[in-house]
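Modelling step: build the complete structure from the supplied sequences, incorporating the hints.
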Amino acid sequence: MKAVIITFPGSNCDQDCLWALREKAGFDVALQWHRDSSLEKTDLVVLPGGFSYGDYLRTGALARFSPLMKEVIRFAQKGGPVLGICNGFQILLESGLLPGAFLKNTTLRFICRNVFIKAEHHDSIYTSAISKGAALDIPIAHYEGNYYADTATLKKIEEEGQVLFRYSDKDGNVTEKANPNGSVNNIAGICNEQGNVLGMMPHPERAVDTYLHSCDGLALFKSLYQSLK
Amino acid sequence: MQVTEEVALEHGLTKNEYAAIKSILNRTPTLTELGIFSVMWSEHCSYKHSRPLLATLPVEGERVLQGPGENAGAVDIGEGLALVFKIESHNHPSAVEPFEGAATGVGGILRDIFTMGARPIALLDSLSFGELDNPRTRYLLKGVVNGISHYGNCVGVPTVGGELQTMNKYKGNPLVNAMCVGFARHEEIISARASGPGNPVYYFGNPTGRDGIHGATFASEELGEDKEEKRPSVQVGDPFTEKLIMEASLELIASGCLVSIQDMGAAGLTCSASEMAEKGGLGITIDLDKVPQRAKNMTSYEIMLSESQERMLAVCQAGKEDVLHRILKKWELEPCKIGYLTDDKLFRVNHKSQEVACIPVHDVAEGAPVCEVSAEKPAYVQTMPTYNEGVSLESWQDALQRLVAHPHFASKRWIYEQYDYMVQTNTVVRPGQDAALLRLKDSDKAVSVTTDTNGYYCYLDPEKGGKIVVAQAARNCVAAGAQPLAVTNCLNFGNPENPEIYWQFQEVIKGMRQACQILETPVTGGNVSLYNETRSAEGKVEAIYPTPVIGMVGLLENVARYMTAFFKKENDGIYLVGKPSENLGGSQYLKILNGEERGPCPEIDLQEERKTQQFILRAIRKELFSSVHDVSEGGIMIALLESLLWSGKEWGALLQPDCSVKNRTAFLFSEIQSSFLVSVGRDKEKDFLEQADQAQVPVVYLGKVTEKPAICWEDDILHLAEMRSLYEKALENTVAQ
Amino acid sequence: MKKIPVIVTLKEEVSDPEGTVITHSLHSTGHTSIQSVRCGKYFELEVPEDMNQEEIEAVCRDVLSNPVIEEYRILTEEKI
Amino acid sequence: MKKIPVIVTLKEEVSDPEGTVITHSLHSTGHTSIQSVRCGKYFELEVPEDMNQEEIEAVCRDVLSNPVIEEYRILTEEKI
Ligand SMILES: Nc1ncnc2c1ncn2[C@@H]1O[C@H](COP(=O)(O)OP(=O)(O)O)[C@@H](O)[C@H]1O
Ligand SMILES: [Mg+2]
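Chains as they are written, first to last, in our numbering: chain W, 1 to 229; chain F, 1 to 737; chain L, 1 to 80; chain V, 1 to 80.
You may find that some hints are simply not true.
Claimed, not checked - Computed cross-link-like contacts, PhoX-like style, restricted to lysine-lysine with a CA-CA straight-line distance of at most 25 Å:
1) L:Lys41 to L:Lys3
2) L:Lys11 to F:Lys296
3) V:Lys11 to L:Lys11
What the hints assert, rightly or not - So, partial list: chain W residues that the calculated Cβ filter (under 10 Å) puts toward chain V:
4) Gly54
5) Tyr56
6) Leu57
7) Ala61
8) Leu62
9) Phe65
10) Tyr148
Said to hold, decoys possible - Computed Cβ-Cβ distance ranges for the label pairs, DEER-style:
11) W:Gly161 to F:Asp715: 56 to 66 Å
12) F:Ser443 to W:Leu31: 41 to 51 Å
13) W:Ala134 to L:Gly30: 35 to 45 Å
14) F:Ser353 to V:Glu12: 54 to 64 Å
15) F:Lys649 to W:Thr210: 25 to 35 Å
16) L:Gln35 to F:Lys569: 49 to 59 Å
17) W:Ala134 to F:Ser392: 53 to 63 Å
18) L:Ser28 to V:Asn52: 13 to 23 Å
19) W:Glu23 to F:Glu79: 11 to 21 Å
20) F:Glu714 to W:Glu23: 30 to 40 Å
Everything labelled a hint here was simulated from the structure, so no lab data went into it. Just so it is clear, CB atoms sit at the ideal spot from N, CA and C, and this is done for glycine as well.
This is the structure in structure tokens:
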């Protein structure tokens, strides 16, 4: 099983994703520089977290012009799985692979801490191995993770089951108190209509062994590994 | 412009120094030369007030790979691995533009680490501010934390620890010190020492602008077209470029194409070029027309003195230029060859086909005359009132309630949750406890990192205070199960030309020296920040407390054995390892609750400290403890409360000390040294007590962990539910008001 | 050369937490007559005199702003 | 009520890394005729018609900008 992680200038979770996917989830992993003109043959593309282009202009806004993004978009359009984490999610929105936009957290502060998220359904390649009803204990670390979509878009992604993760309390209840950043409907992760592209703000690669407070991120990588087999 | 003595004085040089410059050159310096001397001979670059005292600190040890003198120190941690670390201040810029001031401080300390060939793995910040009831102080704190968060998060180095102390002595002059720790294999460590005459010198990173040029108190026409106010002393940080130059530098070093590398920090191109040449006993020639420039029509003076951020200088091995070009291009950086090394030991600067400076390298880099200073014991030390039993005390419950609501003691969550403390996925013990602990993925090892300070103790008794800060940092490492290895330090003081301040400086160093020797934690580097004082409206000058900040690294051979500070099990016995006291001298209790400064500073016996620390480390290895927390400010009471709250569980404690206690409040809040609060499983108690006895370490039984969320001592009861919300929310609420 | 000033603001229906916080802090420091503050971004483009207006619009629309949440306005240019 | 538009920019001598990176990106996507972009902030204050001009200036100077690195400009106000 092969995964390609794309490093943009300013990405800083590429090595963390590499370690988690290779050492903990059993993927063969290659890092590709954003300037490369062609995408290696792969089963999965990961857009990692960080501050591509320093988050200048808008978060994720400048990375979408990277040469390799054209290839990633083509790969996604052909149904290839693309996982965007944190800044990767922001890039997916800016490049139009997913709907919506991000605003600053309502606290107007960067937030780094573990939160709980709940999978909305288990029919996705990203959630099939997550136990039903479980709330996953996974870290967030972002300043602009306040998901926004206009009413029509929101209605559509809710109806089509595109919302894959919501912030919840530890028992899986989706409450206002459990919403760390003001995201509409507690949205933490969404996929496209076909279900092959997922963007999520929480960092599953930061919850993959006992020294890291939680192993719950593994469930997502396991889902992928099994579904893509 | 004609250089005269008057111009030299305006540059902050003394008459003697100006005379020395003229005799070195055998002529009147050019303006550019004068500028070069003025920054290189400033306190910041030359340590002319502190050098003789710093020389007394112990710098040697089995594990020291690199002591003071390079960009950062380095220690061996076995298996061919090393830690590289250093601390720096950014006090002044942060006081005028908190966001950018603090951000660029982080940028500077990161460069000190990666120019050594080490990958930065952790950042820490030590913050000393005035009380937060002042709106300006709150504005400054918010800006500083935001700036650190912005820069550190963006470059992808976790900020895993730090501290915040709030006392009004820092109101006009807050302290912002940042520490960085890096990881390297021995063979990757590179020096800033240049070698090989003829080797090309390259510049990369951001272009040079007119920012940060100080000493420039001239009429502006003489320096360029622009007005003084357009030449800001604070720069804007660019963490994005920093990340690129970090990756590029590490790749350049690994490729073997470099001879040496240095960042352009304080005193910019002047300092980096001359120091690199000096370390190698060489000369250097640079051509300013080749230096990338952001502003138009910059003079040679301006280019040499600019402190624009995120700029690097590297000496390449002749013949390997293509490797350098390829790596820099990959990281989207432009290689600019600006000069070469020479063997004439001269620092030559050309601009517009003219030589604008020609100075013997050694004289400019190392030749600053040491300043004559005298020390005088200040009167306040003798007249400071001391604690006695007549001082009125509150009940311990009321006292705790009030102290926990004070930012000095409240949870620092509002700060550290703004920092990405998890990136790189090595943070085992997160901020919010004692020292942070990072595992090293390539081995079983883990490292503890901490910064500690206590300006108040150092004010009451600088020598004792100096000892305590080192001991306290070591205790924080020990509590995590890590052996303290070495120290970096940032000495924040007032004006050293004032004999009373100089006395504080000298005494603090005396104390630090003894502690570093006895605890075997040599000093591998540091930074000095002087002139931290403010002038009040009435013209009274007030200095900050003498504030040494200790940054320490420790080593845990087996990460699986790491220890944490919070209680783990009901019914575990709670013990004090150390000697209790009822002396409240020097305590935050008196300072915050009674609003009184009363000595004496707590006693410390360094041999006792060492014995206790070694006992704790051995006992952790033998798995005798459920939890270990050091006792520091706020005494046993604060340590106990933190051990309870940090568990995240709704537990309490039943206190039944097996020693005599005259006054409970004094007993609980006395800031005893060389002690730890530990919890021990019932099945381990016997073993623990025997081992302590053998080691001749004093132990007092304090009570046990209970199911009921309250601290009870006979009829005295304090419920914890409210304590928790006070503790968690106090800082955020204070800052937000 | 000329300078083109561009303002990008959040659409009216999008909430502006930053503006809210600034308003709040103005009120708490006594500037109570300031009803509200909204925040946006400002850009100054330096372009040749004869630059094609359509390209400028395209840059504002496709790069400098995100049409999901923002709108842009080009102010009157200045010669430099 | 009236609306007061305020622009805060970095002083000319201060580096503007954001503007530099945006410029660079525009060039690499073919918008090479855009010489440079500088970034700033934009604020829209809603205030009473009769609001004291000095207070507005004070807010711009002391709250909305930091004179150490920034300067502000008040654009022509609009009735609302
Ligand atoms: N400015 C800060 N930045 C990051 N972490 C901080 C800061 N201030 C405090 N912390 C964290 O909060 C915890 C408690 O700090 P402190 O009370 O100073 O600890 P101690 O007294 O044990 O040194 C530590 O883990 C520390 O790293
Ligand atoms: Mg501690």
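Comparing the hints with the structure gives:
1. L:Lys41 to L:Lys3: holds, 16 Å
2. L:Lys11 to F:Lys296: violated, 39 Å
3. V:Lys11 to L:Lys11: This hinted pair is violated, its Cα atoms lying about 28 Å apart.
4. Gly54: It holds, given that the least Cβ distance between Gly54 (chain W) and chain V is near 6 Å, below 10 Å.
5. Tyr56: holds, 4 Å
6. Leu57: Leu57 (chain W) check passes; min Cβ-Cβ to chain V is 5 Å, inside 10 Å.
7. Ala61: It holds, given that the least Cβ distance between Ala61 (chain W) and chain V is near 9 Å, below 10 Å.
8. Leu62: holds, 5 Å
9. Phe65: Interface hint status for Phe65 (chain W): holds (5 Å vs cutoff 10 Å).
10. Tyr148: violated, 20 Å
11. W:Gly161 to F:Asp715: 56 to 66 Å: holds, 60 Å
12. F:Ser443 to W:Leu31: 41 to 51 Å: violated, 23 Å
13. W:Ala134 to L:Gly30: 35 to 45 Å: Violated - the Cβ-Cβ distance for Ala134 (chain W) and Gly30 (chain L), about 51 Å, lies outside 35 to 45 Å.
14. F:Ser353 to V:Glu12: 54 to 64 Å: About 28 Å separates the Cβ atoms of Ser353 (chain F) and Glu12 (chain V), which means 54 to 64 Å is violated.
15. F:Lys649 to W:Thr210: 25 to 35 Å: violated, 19 Å
16. L:Gln35 to F:Lys569: 49 to 59 Å: holds, 57 Å
17. W:Ala134 to F:Ser392: 53 to 63 Å: holds, 55 Å
18. L:Ser28 to V:Asn52: 13 to 23 Å: Once the Cβ atoms are compared, 19 Å apart, the range 13 to 23 Å for Asn52 (chain V) and Ser28 (chain L) holds.
19. W:Glu23 to F:Glu79: 11 to 21 Å: holds, 19 Å
20. F:Glu714 to W:Glu23: 30 to 40 Å: violated, 54 Å
In summary, the numbered hints that this structure violates are 2, 3, 10, 12, 13, 14, 15 and 20.
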